[in-house]
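Residue numbers (the numbering used here), protein chains in the order written: chain A, 1 to 322; chain B, 1001 to 1273.
The hints are simulated quantities; they were obtained by calculation from the structure and are not laboratory data. Don't take every hint at face value.
[Unchecked claim] Computed footprint of chain B on chain A; a stretch qualifies when at least three of its residues, placed anywhere within it, have a C-beta under 8 Å from a C-beta of chain B:
| hint | segment |
| --- | --- |
| 1 | 40 to 48 |
| 2 | 97 to 104 |
| 3 | 169 to 177 |
| 4 | 240 to 250 |
| 5 | 266 to 280 |
[To be verified] With a straight-line cut-off of 35 Å between C-alpha atoms, the simulated DSBU-like cross-links for lysine-lysine are:
| hint | chain 1 | residue 1 | chain 2 | residue 2 |
| --- | --- | --- | --- | --- |
| 6 | A | 316 | A | 214 |
| 7 | B | 1220 | A | 214 |
| 8 | A | 169 | B | 1256 |
| 9 | B | 1047 | A | 169 |
| 10 | B | 1256 | A | 316 |
Where a beta carbon is used, it is the ideal one built from N, C-alpha and C, also for glycine.
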Amino acid sequence: MAAIEAAAPVAARAGDSGARTSALGRLLVMAIPYAWMLFFFLVPFLIVVKISFSETAIAIPPYTPVFDFAVDGIAGTIAKLGELSTATYEFLTTDSLYWRSYLSSVWIAATSTLITLAIGYPLAYGMARCPREWRPMLLMMVILPFWTSFLIRVYAWIGILAREGLLNKLLISIGLVDPAQPLVILSTTTAVYIGIVYSYLPFMVLPLYASLEKLDETLLEAAADLGCTPWRAFWQVTFPLSLPGVIAGCFLVFIPAVGEFVIPDLLGGSETLMIGKTLWTEFFNNRDWPVASAVAVLLLLILVIPIVLFQNQQAKAQETGR
Amino acid sequence: MNKGPSWFNLTSITLGMAFLYLPIVLLVIYSFNAGRNVAIWEGWSTKWYFALWQDQQMLDAAWVTIRVGLLSASVATILGTMAAMTLVRHGRFFGRSLFSGMVSAPLVLPEVILGLSLLLLFVAIGFDRGFWTMTIAHITFTMCYVAVVVQSRLVSFDRTLEEAALDLGCPPLRTFFSITLPLILPAVISGWMLAFTLSLDDLVIASFTTGPGATSLPIKIYSQVRLGVSPQINAICTIIIAVVAVGAIVASLQLKRAETERRRAEQMAAAGR
């Protein structure tokens, strides 16, 4: 008893300094990733915005004005702010290449999202209706390609779709295609659709499967008992209940597809305009940093609406799920 | 009502899986083709794998990729776990929505934007591009994936175990390492694996942020693919696919076992209380 009483103040003191180190620890746990993201995510992004308002120059780095707080001080920096120009953005509106690649990116992404939905829905539905013991295996099979390199999966299609490729070989051998006139798919927009649908199919199937698997089958039995045909029951019961999965899947395909670079570059041809590829060309081939930055800013502006909608939907789904 | 899968369901599963796997299977088969032309089968051969072994540039690129992957995945796992702890445990703090926005944004932003912005930062601060800039870029975008994975585990976490340790006078840091970390370990490991594969796979961000000294495997493959399909590229792709597939399957089986054991331990701890 006496020992405990004697130990009490020691413990209290230890607790006191413990509280201080724990507060410091908590602060560090927060501050380190926070500082990292500020410096390597937010600051770079502000630089992009700034350069998009600069003018192209033949220099290193290839744009003016260049801010340098150490040299200019605050007054000098403010003076340079006046030199910022919207010339780059004006240029983007005058050259039809840019707005055409915006529109075509959004169009290609939206169309391929719908095709992915049309292919992914039956797959997810079939998986969710399978015997319970098959499901983990099937789920693993859908996830596995997602772990495999994206670049490799896109590359695999070049060998299939090329003029001398496996698809043409197969179609010629069964006599569906004239050997003199093989199908031209590679380097066209069709190949881009195939590439996007193929690469993003797992992103569509997983949320669809998650919502279809939760579906209460007694609802379908009730519909059947009340004389509803299976087809009508699907559209009136199953599909509306799977809508959260449909929406999540569509966003997960559409958002990254808009800014896609690898697929239009490897599978598409010169007539395939996509904004991610335009940005890459401006930066690496034309070395026009202000234009590349302005394209990046506008690309982000297109995506802000779907991203915000998606996050709201996710938050809502999480709340109803609890 | 459920009398096994109907023919419609079976067909859609078969077609869907065929679509997912056929291109990869063809690529693997043609990596063993004896001829140079990838569309004409000329018999089995492993000569492209031996050719790969002689290709010093390819080996160098593979080594760069592995080093960047290991380093960036490890740092990203530490930072991502810290970010997840902050978001789940810290309650309200100044700039919370900015922080959670910054952590979730790289998941949805196009890679071209992330790559361009990081490159412009490195130019602005005069940091020579190469191995380190690529590693920093990979840490930045993969830590967000780790944060999401760990966060989902922390949300469903029984905090009473942690509180019990703290009440018994265990210092917070030790509580973290002896109670919290073992319980969230499966999520931390999956986070690390996800970060590692994303780093292994990344072409766009690496192309923007690397310099002449450090060429990663995706950059090397990409520059050769632009020249056309070659069986040697099929061979390197097959090796990557095999490594990743075996890793993913083994890890998912291991994690499932660890998860069952953890549940049992948690239940026992709860029953003992």
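Now the hints, each set against the structure:
| no. | hint | verdict |
| --- | --- | --- |
| 1 | 40 to 48 | holds (count 8) |
| 2 | 97 to 104 | violated (count 0) |
| 3 | 169 to 177 | violated (count 1) |
| 4 | 240 to 250 | violated (count 0) |
| 5 | 266 to 280 | holds (count 4) |
| 6 | A:316 x A:214 | holds (17 Å) |
| 7 | B:1220 x A:214 | violated (44 Å) |
| 8 | A:169 x B:1256 | violated (44 Å) |
| 9 | B:1047 x A:169 | holds (24 Å) |
| 10 | B:1256 x A:316 | holds (29 Å) |
Checked against the numbered hints above, the structure violates hints 2, 3, 4, 7 and 8; every other hint is satisfied.
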